[in-house]
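Asker: Those protein sequence lines, which keep their order, are chains B and X. Quick note on my numbering: the first sequence kicks off at 139 and runs consecutively. Quick note on my numbering: the second sequence kicks off at 21 and runs consecutively.
No lab work stands behind these hints, which were simulated from the structure alone. The structure presented is a predicted model; accordingly, all values stated were derived computationally and were not measured. There may be inaccurate statements among the hints.
Claimed, not checked - Label-pair ranges, simulated between beta-carbon atoms:
{"#": "1", "chain 1": "X", "residue 1": "Asn230", "chain 2": "B", "residue 2": "Asn307", "range": "33 to 39 Å"}
{"#": "2", "chain 1": "B", "residue 1": "Arg262", "chain 2": "X", "residue 2": "Leu55", "range": "36 to 42 Å"}
{"#": "3", "chain 1": "B", "residue 1": "Ser192", "chain 2": "X", "residue 2": "Arg212", "range": "57 to 63 Å"}
{"#": "4", "chain 1": "B", "residue 1": "Ile255", "chain 2": "X", "residue 2": "Arg308", "range": "52 to 58 Å"}
{"#": "5", "chain 1": "B", "residue 1": "Ile308", "chain 2": "X", "residue 2": "Leu353", "range": "46 to 52 Å"}
Said to hold, decoys possible - Not close to chain X: a few residues of chain B, all C-beta gaps over 12 Å, as computed:
{"#": "6", "residue": "Met162"}
{"#": "7", "residue": "Ile199"}
{"#": "8", "residue": "Leu201"}
{"#": "9", "residue": "Thr241"}
{"#": "10", "residue": "Gly265"}
{"#": "11", "residue": "Pro283"}
{"#": "12", "residue": "Leu287"}
{"#": "13", "residue": "Val290"}
{"#": "14", "residue": "Ala311"}
{"#": "15", "residue": "Leu324"}
{"#": "16", "residue": "Ser372"}
{"#": "17", "residue": "Ser384"}
Said to hold, decoys possible - Not close to chain B: a few residues of chain X, all C-beta gaps over 12 Å, as computed:
{"#": "18", "residue": "Glu54"}
{"#": "19", "residue": "Tyr138"}
{"#": "20", "residue": "Gln164"}
{"#": "21", "residue": "Thr182"}
{"#": "22", "residue": "Arg218"}
Every residue, glycine too, gets a C-beta built ideally from N, C-alpha and C.
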Amino acid sequence: MDLLNTFLIGITAGTIYALMAISMVLVWRSTRVVNFAQAGMALLSTYFGYEAVSRLGSFWIALPVAMIGGALVAALVEIILIRLLVKHSSSGPIAGVAPIIATLGLLGVIRSISAMIWGGQDLRIVGPISNDGFTINGTTLVFSPLKLLILVTVLVLMLILSIVFQKTNIGLALRASAYAPEIARLSGIKVDWVRTLGWALAGAAGAVAGMFQTVNGNGTLSPDSIEFSLLLVSGFIAAVIGGLDSLIGAVIGGLVLGLMIAFVLMYVSSGLFFIAPFVILLTVLFIRPQGIFGAKAARRA
Amino acid sequence: MQRRPVVHKKQSRDIFLFILGGVVLFFLSGMVDELRVYQGATIAIYVIAISSIILLTGYSGQVSLGHGALMAVGAYAAAVTRIEFKLPIILCFVVAVLLAAIGGALLGAAAARLSGPYLAGTTLALAIGLPSLANQFTVLGGEQGLLFDVGFPPLSLGEEFTQYKWFFWIAGLAALISMWIIKNILGSRYGRTWRAIRGNEVAAQLSGINIARSKILAFTISAGIAGLAGALLSMTIGTVSPSAFPLALSFSLLAGAVLSGLTTLGGAMIGAVVLVAIPEIADVVAHRVGSSERVTTNLPGFLVSALLILTVLFVPNGPVEQHRARKAKHLALKK
Numbered sequence: 139m140d141l142l143n144t145f146l147i148g149i150t151a152g153t154i155y156a157l158m159a160i161s162m163v164l165v166w167r168s169t170r171v172v173n174f175a176q177a178g179m180a181l182l183s184t185y186f187g188y189e190a191v192s193r194l195g196s197f198w199i200a201l202p203v204a205m206i207g208g209a210l211v212a213a214l215v216e217i218i219l220i221r222l223l224v225k226h227s228s229s230g231p232i233a234g235v236a237p238i239i240a241t242l243g244l245l246g247v248i249r250s251i252s253a254m255i256w257g258g259q260d261l262r263i264v265g266p267i268s269n270d271g272f273t274i275n276g277t278t279l280v281f282s283p284l285k286l287l288i289l290v291t292v293l294v295l296m297l298i299l300s301i302v303f304q305k306t307n308i309g310l311a312l313r314a315s316a317y318a319p320e321i322a323r324l325s326g327i328k329v330d331w332v333r334t335l336g337w338a339l340a341g342a343a344g345a346v347a348g349m350f351q352t353v354n355g356n357g358t359l360s361p362d363s364i365e366f367s368l369l370l371v372s373g374f375i376a377a378v379i380g381g382l383d384s385l386i387g388a389v390i391g392g393l394v395l396g397l398m399i400a401f402v403l404m405y406v407s408s409g410l411f412f413i414a415p416f417v418i419l420l421t422v423l424f425i426r427p428q429g430i431f432g433a434k435a436a437r438r439a
Numbered sequence: 021m022q023r024r025p026v027v028h029k030k031q032s033r034d035i036f037l038f039i040l041g042g043v044v045l046f047f048l049s050g051m052v053d054e055l056r057v058y059q060g061a062t063i064a065i066y067v068i069a070i071s072s073i074i075l076l077t078g079y080s081g082q083v084s085l086g087h088g089a090l091m092a093v094g095a096y097a098a099a100v101t102r103i104e105f106k107l108p109i110i111l112c113f114v115v116a117v118l119l120a121a122i123g124g125a126l127l128g129a130a131a132a133r134l135s136g137p138y139l140a141g142t143t144l145a146l147a148i149g150l151p152s153l154a155n156q157f158t159v160l161g162g163e164q165g166l167l168f169d170v171g172f173p174p175l176s177l178g179e180e181f182t183q184y185k186w187f188f189w190i191a192g193l194a195a196l197i198s199m200w201i202i203k204n205i206l207g208s209r210y211g212r213t214w215r216a217i218r219g220n221e222v223a224a225q226l227s228g229i230n231i232a233r234s235k236i237l238a239f240t241i242s243a244g245i246a247g248l249a250g251a252l253l254s255m256t257i258g259t260v261s262p263s264a265f266p267l268a269l270s271f272s273l274l275a276g277a278v279l280s281g282l283t284t285l286g287g288a289m290i291g292a293v294v295l296v297a298i299p300e301i302a303d304v305v306a307h308r309v310g311s312s313e314r315v316t317t318n319l320p321g322f323l324v325s326a327l328l329i330l331t332v333l334f335v336p337n338g339p340v341e342q343h344r345a346r347k348a349k350h351l352a353l354k355k
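If we strip away everything but chain B, and leave its shape as in the complex, we get (with noise of 0.2 Å):
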């Protein structure tokens, strides 16, 4: 019975770790820029669809609320700050790293502001339906309606964004700006906005995974919390372990992790919360330094 629990726990959790991978790769496909202040994104994202629970009273309204606020905010992002770090910081011994800094400073930037207006008291979302365990034969799983539900959902937004990306014409242009950002230029796509569609995309992805991260924990929501330096560290995590290109890497990825931490967890130590993810990665990162699904190619970037 442990070992399901545990399976089933490291799932959902997974599925979270997934999405907010998925934002993590888009990201990085559209601008090659890792994007360190995903996570803060998504805590900014949670705070809106937290206003619109509580005016709203639905969780069902409020998903969409928080995705659309997380996708402005992403595109906004990318016109005001990613546009400006290119044409000014792309030389010099500071290139390599600028990326890297200004979106640390962004994290700090929306850590603070979210702090300094919603900040002090923990807030609390309450899920659309009942965290309780099923119970099978007498005993009480850990797996709970609404874990089952955050897996459906997640995986119908997959499902949705694999057909967007196959399917569709936008798919088609944000597939060939990633590959190939000149030919797409000259094959007229406009690649600037592909670029800013790219980040507003990811930021919905990670308003949905920290709307779940957040009722999927205690219920409660502040911006220190606990949740949120998880969801930081794992978001990077899953999405190096998938190999930073790939969209199913990333969901693969997710999950490797998520189970990962469960079973460590359950049969390890229940201390090694926080350690356990850099342990995972460093081995990850030894064994198979691209990643499952990476071109040997994409480290050079």
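Based on these hints, arrange chain X on the given structure of chain B.
Answerer: Frame of chain B; chain X shown alone:
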């Protein structure tokens, strides 16, 4: 061979300047009030920590968000040797440097295989993970942490010599010595090797530089210096606990280094002063505006982050380098 005497002369001038700077600072410490002395000690510690980042990021081109964790290693090493073995304080600092350097060498061995964002993410995971490990071992004192007491200032310095002034003397001396050492390392063959790698890794490799070994060396030295800064920081706080080394510390150090100019060691002072001054400025601003407590507590973090972004966007190579470039341009125009 003929250049020797010139280099020698320049070196003795530098030594003179360092000593002069030290003497001026020590006399100044007698003239200002206690709070300023304490802040002076903090500035000296930040100078050490920031110069360790400048060495690593500015010269060898590796980004570390984990220097807060390495500072924690140094701080815990110093506190444990002080408590368990009752060694004299200077030996505690030496142990702190050595242990942090060992940690840095291990991290550097992993880091040498990684580049840019991968390295940043890995060290970020470390910065979040490592301090929480302290709760796993009872010898490290858990959430409350350990007491770290460097003792009273020696009586020979006089009755009026306060504890804070003693902190300032220790930190100031450590800052001068470590700046001196870093400056020499950066001017040596190793410094040139690192700059060559940062400029073009393939070209450096072709001219016979062992890339991995140089990168690990840079990480080791930088970590040792960070460990010293960590031990000094816990000296001024009086305790060592996980909460003294949050992720925010690693961020502020990086911000301090960027504000100083990543490639100008002499600028480390600028970043350190800004980091210490910002909470004060934020306090004044908050009082003027009469804002709520929420805003007041988060204003320093906001200012540091905003300043970080603005610097990267508009003064990417730091104020000192910017000034130098403008002057060079001006001269070129005159000719």
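Asker: Hints first: check each against the structure and report whether it holds.
Answerer: Evaluated hints:
{"no.": "1", "hint": "Asn230(X) <-> Asn307(B): 33 to 39 Å", "in the structure": "50 Å, violated"}
{"no.": "2", "hint": "Arg262(B) <-> Leu55(X): 36 to 42 Å", "in the structure": "40 Å, holds"}
{"no.": "3", "hint": "Ser192(B) <-> Arg212(X): 57 to 63 Å", "in the structure": "60 Å, holds"}
{"no.": "4", "hint": "Ile255(B) <-> Arg308(X): 52 to 58 Å", "in the structure": "20 Å, violated"}
{"no.": "5", "hint": "Ile308(B) <-> Leu353(X): 46 to 52 Å", "in the structure": "49 Å, holds"}
{"no.": "6", "hint": "Met162", "in the structure": "10 Å, violated"}
{"no.": "7", "hint": "Ile199", "in the structure": "28 Å, holds"}
{"no.": "8", "hint": "Leu201", "in the structure": "27 Å, holds"}
{"no.": "9", "hint": "Thr241", "in the structure": "9 Å, violated"}
{"no.": "10", "hint": "Gly265", "in the structure": "26 Å, holds"}
{"no.": "11", "hint": "Pro283", "in the structure": "31 Å, holds"}
{"no.": "12", "hint": "Leu287", "in the structure": "29 Å, holds"}
{"no.": "13", "hint": "Val290", "in the structure": "30 Å, holds"}
{"no.": "14", "hint": "Ala311", "in the structure": "25 Å, holds"}
{"no.": "15", "hint": "Leu324", "in the structure": "28 Å, holds"}
{"no.": "16", "hint": "Ser372", "in the structure": "9 Å, violated"}
{"no.": "17", "hint": "Ser384", "in the structure": "15 Å, holds"}
{"no.": "18", "hint": "Glu54", "in the structure": "30 Å, holds"}
{"no.": "19", "hint": "Tyr138", "in the structure": "7 Å, violated"}
{"no.": "20", "hint": "Gln164", "in the structure": "16 Å, holds"}
{"no.": "21", "hint": "Thr182", "in the structure": "34 Å, holds"}
{"no.": "22", "hint": "Arg218", "in the structure": "6 Å, violated"}
Going down the numbered hints, you'll see the structure goes against 1, 4, 6, 9, 16, 19 and 22, while the others check out.
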